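Fit chain B to the given chain A structure using the hints.
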Amino acid sequence: MIVAIQIVAAVQLVAIAGVAAVLIGRRLQAARSERRRDALLERFRDAVIEFTCTEDAEPPALLRALRTGEEREAVGTLLTEYAGWVKGDARRRLTAFMVEHRYVDASVAELRAHRDWRRGQAAKTLGDFGSDLAVEALLRALRDDPSPRVRAAAGRALGRIGDARAAGPVLAAWEAGRLPAGIAAQSLLDVGPPALPALVGACSTATTGVRAMACRAIGHVGFGDRDQVLDLLGQRAIADPAAEVRGAACTALGQIGGDESAFVLAGAMGDTHARVRQAAGDAVARLRIAELEPLTRRLMDDPVPEVARAAARAVVVLSGAETADGNPFAVEAAAELEWGWA
Amino acid sequence: MELTPKTTVLVADDEPHLLRLVKFRLEREGYDVLTATDGDAALQVARDRRPDLCVLDVMMPRRSGFDVLREVRSDEHLQDMKVIMLTARAQDGDVDTGFSLGADDYITKPFSPQELRVRISAHLAKR
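Line by line, the protein sequences give chains A and B.
The opening residue of the first sequence carries number -19 in my numbering; numbering runs sequentially from there.
The opening residue of the second sequence carries number 7 in my numbering; numbering runs sequentially from there.
FYI, nobody ran anything at the bench for these hints, they're computed from the structure.
Quick caveat: nothing in here was measured; it's all calculated off a predicted structure.
It cannot be assumed that every hint is accurate.
[Stated by the list, open to error] Some chain A residues close to chain B (C-beta under 8 Å, calculated; not the full set):
(1) E30
(2) T32
(3) E61
(4) V66
(5) D69
[As the list claims (entries may be wrong)] In silico DSBU-like pairs for lysine-lysine, Cα to Cα no more than 35 Å straight-line:
(6) A/K67 <-> B/K115
(7) B/K29 <-> A/K104
(8) B/K115 <-> A/K104
(9) B/K132 <-> B/K115
(10) B/K88 <-> A/K67
(11) A/K67 <-> B/K12
[What the hints assert, rightly or not] The following label-pair restraints were derived from C-beta to C-beta distances:
(12) A/A19 <-> B/D38: 27 to 35 Å
(13) B/S80 <-> A/T187: 46 to 54 Å
(14) A/D239 <-> B/S80: 31 to 39 Å
(15) B/S80 <-> A/G49: 51 to 59 Å
(16) B/D38 <-> A/P283: 57 to 65 Å
(17) B/S80 <-> A/Q9: 36 to 44 Å
(18) A/R6 <-> B/A94: 35 to 43 Å
(19) B/A94 <-> A/W97: 24 to 32 Å
(20) A/R15 <-> B/H23: 18 to 26 Å
(21) B/D38 <-> A/G306: 47 to 55 Å
(22) A/R15 <-> B/Q120: 30 to 38 Å
(23) A/E302 <-> B/A94: 35 to 43 Å
(24) B/R34 <-> A/R82: 41 to 49 Å
C-beta: ideal position from N, C-alpha, C; glycine also.
Just chain A, same shape as in the assembly (with noise of 0.2 Å):
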């Protein structure tokens, strides 16, 4: 009997060091496999710094003679993670040997990966690369794939490609609730001017949220047609039902509006909502108009201490701290001014 339970106990013995030493073997060659990870990625770093930040044509030799999957990963690691940072021929440049040298096919190919954190991954590696080679496979993540971190990450990497293919998709998948706001409004500015006619679309939508952003966008990435867009923004700012797209609309005329946006402006500042109100107050700041000096400082006695203060920082603009006989709100604007925090 105790034969047999020495036997017994021997044998768990053997096993638990057996699978200790399968343990310590796994970390080892993790261990091993990070430090020539880490390796790799110091013997290419200077490359691909060199190869993004100078205005040779050509990669550098060390770029043109990769031999191994692993020397590839290096690589491709190392331009994610400066490529995001240029702009221009060096973008460019680096986004031609990224399609060259397949690493756009293989991050695709990772969008249909089966864990999420790997799909996601690679939608931000496909925004970082910038190839408009990616935009149909982003659009499909953006419209079909189930995780909303892959579609938020979809939906960034196509603002940062900035492809106007982008534009409408990306307001949709926001009206339907699967992209959030901020990553749609940060897509739409990234794309830019090729956006608006998508953005002008979205100022007619039904959902006030989208109508107000896409107002907000249009201030943020300018116009076509000047008047036309004007023209726009001044309906909203005026007969929007929602006090959240009048102000937007009254924000964006601050941006890229002018003198023609007096009247707008004034009516605005008599809105029935504050919030209507104190963005038309910033706007005439930002917009310097004369005219409406007078209105503006009736509109520092409001009642509501946030419009009052806009419409005192927009008289110190206009006139001077001086001219508004010691108006606390026009002393902090006039002090913000000065410090350039306004």
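Showing chain B alone in chain A's frame:
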């Protein structure tokens, strides 16, 4: 043979990849490049080494690039140093603030390395 001192450029940014990119590019041009990863360090290096030009990020730990610029412009030993803002803050108001505080130039990220090189060279030529 007489040695001429190199033109010194300070690059301040808390993003290590960007810092390395800009440093590499400027060293390739023959500049002596100093680096700092926060606003306090940037100011300290500027005071200690008096660089000819500073490439300054806005959003940095400890002290923003705008605060560093304000200090630089009020320091009699540094006020003539050329300052180029290199920042992700691209709104009109940010650019206004940068120039009103005395920046010589304002470049937004992502940036064109070629453009940065040309602008640095142009500002240094004006000294």
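Straight-line alpha-carbon gap B/K29 to A/K104, limit 35 Å: 26 Å, holds
Outcome of range test on Cβ distance (B/S80, A/Q9; 36 to 44 Å): Distance hint for B/S80, A/Q9 is violated at roughly 58 Å.
Outcome for the supplied range 41 to 49 Å, where the beta carbon pair is B/R34 and A/R82: 29 Å, violated
Per-residue hint verdict: A/T32, partner chain B, C-beta under 8 Å: 6 Å, holds
Hint check for B/A94 and A/E302 - Cβ pair distance inside 35 to 43 Å: 37 Å, holds
Proposed proximity, A/K104 with B/K115 (alpha carbon, max 35 Å): 18 Å, holds
Distance restraint evaluation - A/R15, B/Q120, Cβ atoms, bounds 30 to 38 Å: 37 Å, holds
Range hint compliance [Cβ, B/S80 to A/T187, 46 to 54 Å]: 50 Å, holds
Cβ separation of B/D38 and A/P283, checked against the hinted range 57 to 65 Å: At 60 Å between Cβs, range holds.
Interface hint outcome for A/D69 [beta carbon to chain B under 8 Å]: Where the cut-off is 8 Å and the nearest Cβ of chain B is about 6 Å from A/D69, the hint holds.
Status of the given 47 to 55 Å range, CB of A/G306 versus CB of B/D38: The hinted range 47 to 55 Å holds for B/D38 and A/G306, with Cβ atoms some 52 Å apart.
Whether the CB-CB distance between A/R15 and B/H23 falls inside 18 to 26 Å: 22 Å, holds
Of the numbered hints given earlier, the model fails hints 17 and 24; all others are met.
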